[in-house]
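2 protein chains.
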Amino acid sequence: MTRRTLGKTLLAGAAALPVAASETGKFPLPAGYSVADMGGLKYFAPAKPEHIVMLIYPGMTALDLIGPQQAFGYVMGAKVDLVWKTTDPVVSDTGVKMIPSATFKDVTQPPDLIFVPGGGKGTVALMTDPAVLDFLVQSASGARYVTSVCSGSLVLGAAGLLRGYRATSHWAVRDVLPTLGAELTAGRIVEDRTRITAGGVTAGIDFGLYLAAKLRGEDYGRSVELMLEYDPHPPFHSGTPAEARADIRDGMTKMYAPLAKAAMASAVMAKARWT
Amino acid sequence: MTRRTLGKTLLAGAAALPVAASETGKFPLPAGYSVADMGGLKYFAPAKPEHIVMLIYPGMTALDLIGPQQAFGYVMGAKVDLVWKTTDPVVSDTGVKMIPSATFKDVTQPPDLIFVPGGGKGTVALMTDPAVLDFLVQSASGARYVTSVCSGSLVLGAAGLLRGYRATSHWAVRDVLPTLGAELTAGRIVEDRTRITAGGVTAGIDFGLYLAAKLRGEDYGRSVELMLEYDPHPPFHSGTPAEARADIRDGMTKMYAPLAKAAMASAVMAKARWT
Numbered sequence: 286m287t288r289r290t291l292g293k294t295l296l297a298g299a300a301a302l303p304v305a306a307s308e309t310g311k312f313p314l315p316a317g318y319s320v321a322d323m324g325g326l327k328y329f330a331p332a333k334p335e336h337i338v339m340l341i342y343p344g345m346t347a348l349d350l351i352g353p354q355q356a357f358g359y360v361m362g363a364k365v366d367l368v369w370k371t372t373d374p375v376v377s378d379t380g381v382k383m384i385p386s387a388t389f390k391d392v393t394q395p396p397d398l399i400f401v402p403g404g405g406k407g408t409v410a411l412m413t414d415p416a417v418l419d420f421l422v423q424s425a426s427g428a429r430y431v432t433s434v435c436s437g438s439l440v441l442g443a444a445g446l447l448r449g450y451r452a453t454s455h456w457a458v459r460d461v462l463p464t465l466g467a468e469l470t471a472g473r474i475v476e477d478r479t480r481i482t483a484g485g486v487t488a489g490i491d492f493g494l495y496l497a498a499k500l501r502g503e504d505y506g507r508s509v510e511l512m513l514e515y516d517p518h519p520p521f522h523s524g525t526p527a528e529a530r531a532d533i534r535d536g537m538t539k540m541y542a543p544l545a546k547a548a549m550a551s552a553v554m555a556k557a558r559w560t
Numbered sequence: 286m287t288r289r290t291l292g293k294t295l296l297a298g299a300a301a302l303p304v305a306a307s308e309t310g311k312f313p314l315p316a317g318y319s320v321a322d323m324g325g326l327k328y329f330a331p332a333k334p335e336h337i338v339m340l341i342y343p344g345m346t347a348l349d350l351i352g353p354q355q356a357f358g359y360v361m362g363a364k365v366d367l368v369w370k371t372t373d374p375v376v377s378d379t380g381v382k383m384i385p386s387a388t389f390k391d392v393t394q395p396p397d398l399i400f401v402p403g404g405g406k407g408t409v410a411l412m413t414d415p416a417v418l419d420f421l422v423q424s425a426s427g428a429r430y431v432t433s434v435c436s437g438s439l440v441l442g443a444a445g446l447l448r449g450y451r452a453t454s455h456w457a458v459r460d461v462l463p464t465l466g467a468e469l470t471a472g473r474i475v476e477d478r479t480r481i482t483a484g485g486v487t488a489g490i491d492f493g494l495y496l497a498a499k500l501r502g503e504d505y506g507r508s509v510e511l512m513l514e515y516d517p518h519p520p521f522h523s524g525t526p527a528e529a530r531a532d533i534r535d536g537m538t539k540m541y542a543p544l545a546k547a548a549m550a551s552a553v554m555a556k557a558r559w560t
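Line order of the protein sequences matches chains A and L.
Counting with the working numbering, you get residues 286 to 560 for the letters of the first sequence.
Counting with the working numbering, you get residues 286 to 560 for the letters of the second sequence.
One or more of the hints may lead you astray.
As the list makes no split between identical chains, a pair holds if one copy fits it or if it spans any two.
Listed below are the simulated BS3-like cross-link pairs for lysine-lysine, each with C-alpha atoms no more than 30 Å apart in a straight line [what the hints assert, rightly or not]:
#, residue 1, residue 2
1, 539, 311
2, 382, 311
3, 406, 382
4, 406, 333
5, 333, 539
6, 382, 370
7, 539, 390
No lab work stands behind these hints: they were computed from the structure.
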């Protein structure tokens with residue numbers, strides 16, 4: 286029996302197979318998936334490949350997007366789209382020009398996963414952009430995972446999608462979340478039912494690996510972590526406000542203050558749409 | 286005295302200022318830089334803003350590029366270009382379409398920093414691409430930093446730029462380095478005189494922060510680390526071959542074997558160009 290036919294056999298018989306938790310780690314087999322085998326490694330095979338829709342937009346933080354995109358791109362079989370209003374290039378907050386692979390109109394079926402990256406002023410602008418908020422509401426209805434990294438959660442929140450959910454965001458703007466009806470929760474990745482939000486920028490890598498494991502099983506997630514050589518060595522101990530030197534933290538808080546203020550004002554406006 | 290004029294004054298007087306090591310952390314003030322102040326935080330101000338040239342190409346790993354690009358993009362004043370043969374979009378190994386900001390021909394002066402991201406087959410293809418190798422050799426002459434993340438070091442090596450230097454690469458292909466005349470050295474970031482190479486994919490974030498600190502001082506690097514909320518929580522302990530479960534490591538090693546073999550063959554061909 287070749288590896289391929291073995292995979293097919295396992296796939297075909299999987300609906301009837303009770304999956305031992307030990308075979309897939311701490312991640313449960315999602316409904317409609319079966320356990321398959323690839324060179325001895327067990328993974329979750331979807332009955333139908335997932336459609337993952339990642340919003341991209343002017344002013345986004347490129348690393349918020351690319352951390353998870355790299356992991357999603359390694360999720361075998363999944364279709365990953367970068368979606369915006371048009372297919373014109375969008376420019377990130379550090380000047381990277383990316384071309385969307387699809388427009389809002391191309392997404393005619395709710396995706397399995399919808400994702401929003403964060404950013405600065407560009408992100409705040411989305412919080413009161415009806416075309417974006419409507420698209421998110423529509424995509425989120427029926428999506429299995431409604432997700433974000435960094436200040437992307439403010440856009441989900443502005444769409445009303447975090448009302449009654451625990452959620453997190455970039456440290457500098459996370460205090461805006463309660464105004465959007467979310468329960469601000471500390472954590473690198475905060476999961477509450479269908480909502481999965483992650484902290485600032487680099488949290489997207491932890492998030493991407495976590496999602497890879499949810500969609501393909503823990504061993505697959507472990508494999509992607511090794512592919513990405515994810516053995517971080519932060520050069521300074523300065524990754525959180527609690528850890529940073531006081532003067533650095535105060536300086537950055539001051540720098541972000543106008544953005545946090547603008548986000549709060551936009552949250553109040555956004556809320557008026559759905560209350 | 287406003288913050289701006291204070292900065293200017295410090296800048297003007299800096300050539301004559303002896304810089305106390307304690308003011309700038311463990312990173313030495315580069316020649317031609319002065320210590321300036323921004324809201325109480327000391328940083329290195331360049332006499333002339335740096336030009337950072339990042340190679341982008343079909344099949345690159347987007348995260349190899351964007352990790353450091355995000356950090357470089359926050360290096361105040363620096364001009365960061367994404368450079369390729371043409372300004373046609375290039376597609377990453379996970380399907381991200383990016384538009385180069387400049388072509389090889391536009392780089393008429395050696396940049397301060399030249400950077401090569403890694404990838405899979407696309408990276409191996411560059412190892413025997415004369416146009417790319419010639420561009421790198423030309424750019425590297427006079428560059429203060431000749432750098433890479435992941436398998437990008439194989440391209441630097443193929444250009445003959447790592448001969449006699451300590452260097453690293455992605456774990457799956459790093460054994461190719463000695464064939465290119467480099468001294469393979471363990472380490473997330475390996476610095477040897479003007480050469481700074483980093484490990485696989487996510488090492489680019491550590492690398493980007495390290496370079497931000499080299500160019501703007503340690504406090505600036507600490508500030509960027511906080512901006513990026515770099516408080517990594519790898520979901521599995523699987524980021525290096527040593528740390529990964531044996532079957533995961535063996536499975537991934539097997540998966541990468543054809544790539545490692547192709548890279549070795551290309552290294553032998555590349556070497557023939559300069560020996």
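Each hint, compared with the structure:
no. : hint        : result
1   : 539 <-> 311 : between (41 Å within a copy, 25 Å between copies)
2   : 382 <-> 311 : neither (38 Å within a copy, 35 Å between copies)
3   : 406 <-> 382 : both (17 Å within a copy, 23 Å between copies)
4   : 406 <-> 333 : between (38 Å within a copy, 28 Å between copies)
5   : 333 <-> 539 : between (48 Å within a copy, 27 Å between copies)
6   : 382 <-> 370 : both (15 Å within a copy, 16 Å between copies)
7   : 539 <-> 390 : neither (40 Å within a copy, 41 Å between copies)
Violated hints for the displayed structure, listed by number in ascending order: 2 and 7.
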